[in-house]
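Those protein sequence lines, which keep their order, are chains A and B. Using the numbering used here, read the first sequence as starting at 1 and increasing by one per residue. Using the numbering used here, read the second sequence as starting at 1 and increasing by one per residue.
Don't read these hints as lab results, they were simulated from the structure. There could be a bad hint or two in this list.
Pairs of lysine-lysine, DSSO-like flavour, derived with a Cα cap of 27 Å [said to hold, decoys possible]:
1) A:K715 - B:K91
2) B:K197 - A:K780
3) B:K195 - A:K575
4) A:K715 - B:K84
Listing some non-contacts, in silico: residues in chain A with all C-beta distances to chain B over 10 Å [claimed, not checked]:
5) G400
6) K463
7) T468
8) K521
9) Y742
Quick reminder that beta carbons are idealized off the backbone N, C-alpha and C, glycines included.
This is what each chain is made of:
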Amino acid sequence: MEKVYSPAELDERARRLFEEERKIDNLMGWFLSREIAFDAAVSASHRPPAGQAALSLLEIARKLPLSLSENAVFAGTQRDAFARSYALINPAFRVESFSGYCDPTAVYDDIAPDADISEERIEAMRQKTKQSKFVRELSETYTDCADETSEVLYFVEQVTGHVIPDFRPALKMGTKKLANDLNERIGKEYDPIKKANLSSMQTALQAAEIFAGRYRAIAEEQLSSASGARKVQLELLVRTLGKVPANSAENLFEAIQSFILLWQCMCIEQAPNPFAFSVGNADRIFEPYRNGLPRETAAGLLKHFLAFFNVGDRSWAISQNVIAGGRGTDGNDLTSITTYALLDAYFEMNLPQPILSVKLHQNTPDELYRQLGKFWFSPGMLTPSLFNDDALFDALSRAGIDRHDLPDAAIAGCQEPLIMGKDNGNTTNSWLNLPKVLELTLTGGKSLLTGKVLNGLPKAQLKSIRKTFYRNLKTVTKRMVKAANGASRALSNLKTPFLSVFMGGCNTGYDLRDADNQGTKYNGSGCLIHGLSVISDSFIAIDELLKTRPEDAPRLLPALKNNWIGYEDLREFLKSASKYGNGELKADKEAAAVASKVARLVRKQKNYLGNNFRPDFSSPTTHLLYGYWVGATPDGRACRDMLGYGIDPLYGEAKSGLGLRLLSNFRLPFRKFCGGYASHLGIDPKEFKAETLEDKGLEFRNKIINTLFFNPAHKGHTPFYVYFNITTAQALRKVLSNPKEYAPSGVYIMRIHGTFVNFLDLSPQIQEDIIARLDPASTKLGG
Amino acid sequence: MKIFQKGFNVSQDGPGNRLVFHLFGCNMRCPWCANPEGLFGVPVEISDREIVRLCIESRPLFYGGGGATFTGGEPTAQFQSLQKVLTALKKSGINTALETNGTNKKLPLLFPLVDHLYIDCKHTDDGVHRAQTGVSNAITLQNIAAAAKKHQGLTVRIPLINGFNTDQRSLNDFIGFLSPLGIEAELLAYHEFGKHKWKNFGREYTVDNGTVDSDILTKFKTEIHSNGIKTVST
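Given only the sequences and the hints, what does the whole structure look like? Please build it.
Here you go:
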């Protein structure tokens, strides 16, 4: 490999490839793929839906325009699966523009007509999509819950992407072998539905080989006029494309090439916008193929792997996660040279996507922390999400995951733990706005913002606020679950035979999305629960009001209606009540109780296949969006202000430093968060005194990670996720005011929730959210 | 235990990163007090068990030789609770520190439970001491002498307030008392970080011109040091 590509050349090509990609500001491929798929489905209308989907995928593979950049080391792209849709990286995004409706035809607004694709052609596809069974059923679901979702009492969505395929068998054996195995299985299968499904999967597999063949032809054409080093490089590519993915990969180059083509097919099958597909434990996937390749060269190849995940001018394929590190079932460490090569690739490229997550455990080697120190303490550098594998094993085990599957836990999207190749978690299926439920509980179902009656919920007496809140929450949750299952059932009309091969479909005989028969070993539906700290702080504040100033209790509702204007004294009083995040027992216990009760309630709900919903206390910027639809709350929060992020205290309310904030944190029932949760700490880099970045990594472990993840006082029930932004508000404002000086490359990476973004690409509202949530008073290490 | 504040602090209330509990109540009425909320504020009740639990949970945060510190107010004003908590912490192997005005007769009972002991020595003249703080210094001086013999981790803190204890006679008296004891001392120059808090409680802050001239501070440091008393600063 070193004779074909030096590490320096790999690096240079990867950067040029990324720059090339960033110049693409009109994404048409998904539209073309939908047109091709639609026509193919019409031709195959006599076949069952899975068969139509498989044949559509083959037609896309045959007809979609392909190209191979002169900078490319590998062939393949996921560009044709994505539109320029993701709102949060659109600088024009405004919180108040959130519509509460996930219209699958809205994507047709994200494509600009040009000489090849006219407005009429776009409109024609929009109308065809609208008439599809999927969209009609989805629309019915949304119509039924329109009032409630209009002010985000809850939200539901059909979940595309958001799983972690297991490509390892395909890398190891080749798609030909997989297809042969399927053939054998089909021969033995008596159930006609399963037979048809398996047959569709076998058909769909060919798409990857078709892509390989077409890219090979392009490479051969380029080879005919190439010379020197490029000639040798193209020869390698031609040989490789002639071998994989149909046959086993035998080295790292072949493995990455095979992976890329499989990924390309998987994404196109669900175009447009299958966000948050994730790679899984990438270092473990690729280490068996490294075969002694030096770390530097491996890193060079992996730079191209990372560049592949960036789509268009703003890296539109958001929330695709690559995870490294971690442990086996016996606590043995699983880091390898490929782990470090992957980190090198990430560090040296510093790209906006894909997300990096790192699994830590009690036996994580010092060297990994030393490498992480470089990420944490280089301004503008991406920082990985961190997962506590020890605690994750525990939480997932309690949620019913088999012991031998635990090491294959990886992260889909931002932070949702799923088992690679076996788990359809429908992770973002439902979204619950607890403070809106509280609002309607206080008002008897009437919005404080609009006066509209959203739901006929009974009004609470303050002295029994908790009882009525939880009763109302049960009512709202049932409505939400009905809508969420409706969305999942609507989505089941869109089959995914290709993906199903890599999600256990070959064993079960059912599609991943089948709404009547479970196609994957594990299945659930996620519920993202918002507003934990606002609820618990509100309960405490109400208690304090009733105890200390009962005569003011009747003023509370008018105060909320007026957004505290004329009631400033009452607001001051309520804000001074004990708040979660300050190491205060009463407030912290309340937060734990709320989390526990709500998690239990959500977990009891059944999805379309009769499996449990998965409580997930995360809020991917939706703490802003949903907060916008909540009036003033009894904890003293103002109307339309943001909610707390994930499980974190509401910004500004935890003022007692990191130590006490972590002590509050420990009370939460992390074992019950089997759908995941979000937590962020903004840390001032000046808190760390070691001389080198690497030594600061160890210092960070000693001061922060050990306390949070490996605290012996909490063995068995510690947090399992966190992400950091290691910077200050002042530093970020400098970047904004003088980007040429502080971000000369035009890229300054920050984390929002579980995804990286270029801070300079964000809308001003999101920039301000990131700055506010650094919340320095809550993360100061000492006095 | 009644406290009015808790939080982490690095190095100023003992070595390393420490979880510092400010206990409510004090038998003195020093006009320069920087924590008047320990006298006039509303305390929060926190069980002894909870305090111990917080300290044990915080153990990974006690880097740099850190641990738990009890200050105030005057922590020995809640002697029973304090003794109970310190005993539990010692048993758990947690480093402990105590900042006290030294006026409690039973203070020596805490010596085996405290790793770092900070006793204030405000004035050696009992009459002057009583006039400003409302309390005799006799037991304080006794406790300092006892701690010098029996405790390995003693630091005597001298808050220097202009017009109270910064004259030559006071300096000579400090040296005369501390020099034979073989202890280390820390000089704390007057500050007004707590002044605004008095106003918040509707109380008058009566110290006028308490700031110590830098020359005086240097003189104190030099003469104390040259008389064999080790000086430290945190």
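How the hints compare with the structure:
no. : hint            : in the structure
1   : A:K715 - B:K91  : holds (20 Å)
2   : B:K197 - A:K780 : holds (23 Å)
3   : B:K195 - A:K575 : holds (25 Å)
4   : A:K715 - B:K84  : holds (26 Å)
5   : G400            : holds (30 Å)
6   : K463            : holds (23 Å)
7   : T468            : holds (29 Å)
8   : K521            : holds (37 Å)
9   : Y742            : holds (29 Å)
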